[in-house]
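Enquirer: Spelled out from the first residue to the last, the chains are:
2 protein chains.
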Amino acid sequence: MTALKNDRFLRALLKQPVDVTPVWMMRQAGRYLPEYRASRAHAGDFMSLCMNPEFACEVTMQPLDRYPQLDAAILFSDILTIPDAMGQGLYFETGEGPRFKKVVSTLADIEALPIPDPHKDLGYVMDAVSTIRRELNGRVPLIGFSGSPWTLATYMVEGGSSKDFRKTKAMLYDNPQAMHLLLDKLAQSVTSYLNGQIMAGAQAVQIFDTWGGNLSAAAYQEFSLAYMRKIVSGLIREHEGRKVPVIMFTKGGGLWLESIADAGADALGLDWTCDIGDARRRVGDKVALQGNMDPTVLYAKPEAIRTEVGRILASYGKGSGHVFNLGHGITPEVNPEHAGAFLRAVHELSAQYHE
Amino acid sequence: MTALKNDRFLRALLKQPVDVTPVWMMRQAGRYLPEYRASRAHAGDFMSLCMNPEFACEVTMQPLDRYPQLDAAILFSDILTIPDAMGQGLYFETGEGPRFKKVVSTLADIEALPIPDPHKDLGYVMDAVSTIRRELNGRVPLIGFSGSPWTLATYMVEGGSSKDFRKTKAMLYDNPQAMHLLLDKLAQSVTSYLNGQIMAGAQAVQIFDTWGGNLSAAAYQEFSLAYMRKIVSGLIREHEGRKVPVIMFTKGGGLWLESIADAGADALGLDWTCDIGDARRRVGDKVALQGNMDPTVLYAKPEAIRTEVGRILASYGKGSGHVFNLGHGITPEVNPEHAGAFLRAVHELSAQYHE
Numbered sequence: 053m054t055a056l057k058n059d060r061f062l063r064a065l066l067k068q069p070v071d072v073t074p075v076w077m078m079r080q081a082g083r084y085l086p087e088y089r090a091s092r093a094h095a096g097d098f099m100s101l102c103m104n105p106e107f108a109c110e111v112t113m114q115p116l117d118r119y120p121q122l123d124a125a126i127l128f129s130d131i132l133t134i135p136d137a138m139g140q141g142l143y144f145e146t147g148e149g150p151r152f153k154k155v156v157s158t159l160a161d162i163e164a165l166p167i168p169d170p171h172k173d174l175g176y177v178m179d180a181v182s183t184i185r186r187e188l189n190g191r192v193p194l195i196g197f198s199g200s201p202w203t204l205a206t207y208m209v210e211g212g213s214s215k216d217f218r219k220t221k222a223m224l225y226d227n228p229q230a231m232h233l234l235l236d237k238l239a240q241s242v243t244s245y246l247n248g249q250i251m252a253g254a255q256a257v258q259i260f261d262t263w264g265g266n267l268s269a270a271a272y273q274e275f276s277l278a279y280m281r282k283i284v285s286g287l288i289r290e291h292e293g294r295k296v297p298v299i300m301f302t303k304g305g306g307l308w309l310e311s312i313a314d315a316g317a318d319a320l321g322l323d324w325t326c327d328i329g330d331a332r333r334r335v336g337d338k339v340a341l342q343g344n345m346d347p348t349v350l351y352a353k354p355e356a357i358r359t360e361v362g363r364i365l366a367s368y369g370k371g372s373g374h375v376f377n378l379g380h381g382i383t384p385e386v387n388p389e390h391a392g393a394f395l396r397a398v399h400e401l402s403a404q405y406h407e
Numbered sequence: 053m054t055a056l057k058n059d060r061f062l063r064a065l066l067k068q069p070v071d072v073t074p075v076w077m078m079r080q081a082g083r084y085l086p087e088y089r090a091s092r093a094h095a096g097d098f099m100s101l102c103m104n105p106e107f108a109c110e111v112t113m114q115p116l117d118r119y120p121q122l123d124a125a126i127l128f129s130d131i132l133t134i135p136d137a138m139g140q141g142l143y144f145e146t147g148e149g150p151r152f153k154k155v156v157s158t159l160a161d162i163e164a165l166p167i168p169d170p171h172k173d174l175g176y177v178m179d180a181v182s183t184i185r186r187e188l189n190g191r192v193p194l195i196g197f198s199g200s201p202w203t204l205a206t207y208m209v210e211g212g213s214s215k216d217f218r219k220t221k222a223m224l225y226d227n228p229q230a231m232h233l234l235l236d237k238l239a240q241s242v243t244s245y246l247n248g249q250i251m252a253g254a255q256a257v258q259i260f261d262t263w264g265g266n267l268s269a270a271a272y273q274e275f276s277l278a279y280m281r282k283i284v285s286g287l288i289r290e291h292e293g294r295k296v297p298v299i300m301f302t303k304g305g306g307l308w309l310e311s312i313a314d315a316g317a318d319a320l321g322l323d324w325t326c327d328i329g330d331a332r333r334r335v336g337d338k339v340a341l342q343g344n345m346d347p348t349v350l351y352a353k354p355e356a357i358r359t360e361v362g363r364i365l366a367s368y369g370k371g372s373g374h375v376f377n378l379g380h381g382i383t384p385e386v387n388p389e390h391a392g393a394f395l396r397a398v399h400e401l402s403a404q405y406h407e
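First to last, the sequence lines map onto chains R and H.
Quick note, in this note's numbering, the first sequence goes up one by one and the last residue is 407.
Quick note, in this note's numbering, the second sequence goes up one by one and the last residue is 407.
Please keep in mind that the hints were generated in silico from the structure rather than gathered at the bench.
The structure displayed is predicted, hence computed values, not measured ones.
For every residue, glycine included, the Cβ atom is placed at its ideal position computed from N, Cα and C.
Mixed in with the good hints there might be a few duds.
[What the hints assert, rightly or not] Below, simulated EDC-like cross-link-like pairs (lysine to aspartate or glutamate); rule was C-alpha separation at most 16 Å, straight line:
no.	chain 1	residue 1	chain 2	residue 2
1	H	K215	R	E148
2	R	K215	H	D130
3	R	K215	H	E106
4	H	K215	R	D226
5	R	K153	R	E210
[What the hints assert, rightly or not] Heads up, incomplete: computed chain R residues facing chain H, CB under 7 Å, no partners named:
no.	residue
6	T54
7	A55
8	R218
9	A222
Next up, chain R with everything else stripped away, as it sits in the complex (with noise of 0.2 Å):
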């Protein structure tokens, strides 16, 4: 493998000292991009372009080909990568969002779902970080990833996307047993997924715990945050003589910051609601931080989003330990040059930060 030419990111994940904090934005590739709208339209459906590792190869290169600032790549695919490879036949409706075939319901469809084998039933992902692996060249590192288990159970139970996740509680209240047979499976399959992409070049991996945050204080610590804890002492820690650092993200996840530093990532990744440099406070030396601009600052002017940038900056104060990042997702209606405009402020503003 190449030398890396850029590590900020990764040295900042373990706090080590960098020159400028290291940036890069959830969703990079994404349809904010006219480039990656255009491969979409070639390309087909969503899950089509996942499934093509040179497709994905393709959008994953594209944001770093426009912005020059990125100091990461993130493996272009879906978190419902695994509940399709258990055979739930993932599919995406125009406008509606991701769905599935079969919806879990019962103990039975729970003990009847197989846990993938990511070498047979998802060698489409491990082929997709080596080739972007190898394009990338050392350019910037990879960054993997998956959903945590209790946001695929959420899409598993619902059969898709949910406003409340009511079939979902409705089995965590009723039915625990059964809920944590599913989640054991899918911390399994996260575990042997996520171990397959750092094994296949991937040299950080982050854990998206989209919907963490809806659960009480009690059932996230039982049914989300434990499960992550359980992946995370399963997974290769060391690979190609560098450390793997390991993300974790739960949205709307700040009230719980202290017990997910516990959990054993190198770093936590924040949303907008946290001050940034509250939750550095609150942490400690434990982790390190990424996040955590409100993405709708994008669709500000490039003044306002500097601005944004340097408070945020400031908040965190001096020192290693930040990635900076959008607190979610970019959505699809931002101008990439405000995208562009966001990524320049974070060098520019941090490096008095870094003397």
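Guided by the hints, dock chain H onto chain R, whose structure is given.
Expert: For chain H alone, kept in the frame of chain R given last:
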């Protein structure tokens, strides 16, 4: 006015001793009740129902008639009556939520907005309050309410509901002066509206900050909490020889409880993501707490509902200062018998904490 037969709710809001923990449910007069759906069928659209004091009174009383455990009634109305009275033209499209005919986009739009006179422009709400109060005849206290300035502003700028409040946030970041003028006008309007409700007979008032929790920590302080503080400082705090408690409810505001507790309200509403025992330790003796069962627990079986009620009561612990509620409104698909099981469990299981 008739003497109040059940004042548990008002006493708990002021941290005075009670026999059992009082309970009510946000949106307790709502679509989950067949009797409500029947009234709706006769009344026509949602705003016609709100604007007719007899109908508003009828549906306000329905949950009280069904559930003898309810310790408070809440005015049946909509949070968007103020923007409607400002001339924005509120209407409801089936399955689409609230919409406005006019949208607030520029400083000139904001400058042109009038401050409604509650007795002239919102007389139908004042009439509903006095009609309900008469009908209640001292059975339980009546809660008046309003949306918070920030929450009302999001609907006025977006023209209806929104997933990410992009227009409102773009205005906030690009043109904070315009946003402050809008919020200031809304704060003035809410203050006189709530005072009108108090004079008409509301015995407690709640400010619903449904969307404040979507702001960054810094923006929440400046654009939501500051205006709620202003409202509280202008409210009539005693009427009919009794204190009129104020409840401030920012959904998703759990990270900011210390500052919300300092904003002058008597009680804070909590959504279900906060542990209520932690919240109590954080706010100390400053305020009472209202909440906070995940409303989706009502989709589970009565035994599971009872367990969750017991868990929350135990977390709050001994003594007054807790009004039990859901962490958000009850949803249309809930089985009314499950709501009954919830209310009974609160009274039955809470006596031990008030000995």
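Enquirer: Starting from the hint list further up, note which numbers the structure goes against and sort them upward.
Expert: Hints 2, 3, 4, 6 and 7 are the ones this structure does not satisfy, whereas the remaining hints hold.
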